[in-house]
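Position chain Y against the provided structure of chain V, taking the given hints into account.
Chains V and Y, in that order, are what the protein sequence lines are.
Numbering of the first sequence is given in the working numbering, commencing with residue 1 and proceeding in unit increments.
Numbering of the second sequence is given in the working numbering, commencing with residue 1 and proceeding in unit increments.
Hint data in this document are derived by calculation from the structure and do not stem from the laboratory.
We put the CB at the ideal spot given by N, CA and C, even for glycine.
Some residues of chain V that are not near chain Y, with every Cβ distance over 12 Å (derived):
hint : residue
1    : S29
2    : H33
3    : F74
4    : D79
5    : H107
6    : G137
In silico DSBU-like links for lysine-lysine, alpha-carbon gap of 30 Å or less:
hint : chain 1 : residue 1 : chain 2 : residue 2
7    : V       : K48       : V       : K123
8    : Y       : K3        : V       : K125
9    : Y       : K62       : V       : K125
10   : V       : K48       : V       : K131
11   : Y       : K62       : Y       : K3
12   : V       : K123      : V       : K109
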Amino acid sequence: MTTSMHLVEGPLTTDVVGREVSSHQSGTSAGAHTFFLGQVRSDQVEGKTVAAIEYSAYDGMVDPVIQSIKNQIFEEFSDLISLHIYHSTGLVRSGEISMLIMVSAGHRKQSFAALEKCVELIKEKLPVWKKEIFSDGTSRWIQ
Amino acid sequence: MPKINLIYFGSVTDVTGCPAEPFDAPATLNELNELLHLRYPALLVVRYRLSVNRQLTTENMKLTEGDEIALLPPFAGG
Numbered sequence: 001m002t003t004s005m006h007l008v009e010g011p012l013t014t015d016v017v018g019r020e021v022s023s024h025q026s027g028t029s030a031g032a033h034t035f036f037l038g039q040v041r042s043d044q045v046e047g048k049t050v051a052a053i054e055y056s057a058y059d060g061m062v063d064p065v066i067q068s069i070k071n072q073i074f075e076e077f078s079d080l081i082s083l084h085i086y087h088s089t090g091l092v093r094s095g096e097i098s099m100l101i102m103v104s105a106g107h108r109k110q111s112f113a114a115l116e117k118c119v120e121l122i123k124e125k126l127p128v129w130k131k132e133i134f135s136d137g138t139s140r141w142i143q
Numbered sequence: 001m002p003k004i005n006l007i008y009f010g011s012v013t014d015v016t017g018c019p020a021e022p023f024d025a026p027a028t029l030n031e032l033n034e035l036l037h038l039r040y041p042a043l044l045v046v047r048y049r050l051s052v053n054r055q056l057t058t059e060n061m062k063l064t065e066g067d068e069i070a071l072l073p074p075f076a077g078g
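Bound conformation, chain V alone (with noise of 0.2 Å):
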């Protein structure tokens, strides 16, 4: 089980899905792999456009909590060989990527059932905050 955990400042690239990709071309058990990409939307709120999202996260608590949702993962799915987690913090503004969930199985089946599982339960149980940056510089906290 190869897994990893990191908090990355300003937007995910996608150097990081190449990267991600090409560090699994050695293994030949993996039949499937599949990702997720959270994109900074454009939300229109009260006539105001979203042009950017600020992200916090509680540092110390983000790879334990992490670490018990990949261990829900591993268990609930039999066929999983790797999951891995990246999220932003700081500045991303819309239309950039904040989260990348790649999860490798030997199936596709399985594959896409824990990306969905694993989606659902960062955004339940991660601490991580973000404040809608307006295009007119003002903000609000999203809860």
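Chain Y in isolation, oriented as in the chain V frame:
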């Protein structure tokens, strides 16, 4: 009186005006919460949970020197 470390996140920081501060610990977590409400009355209308040494808790417990207590508004990752 033992010293503890308080850490604030998200909308709680708008109330406290700072991300963290040392605090003279009362005996228990419940007493701490009451003291925080006296110090920052606006916390009464903010939704948050408490963690002790990076573990979420809903139960009262004794506080000891060096404990790290965090006030965590609802999570919003992704």
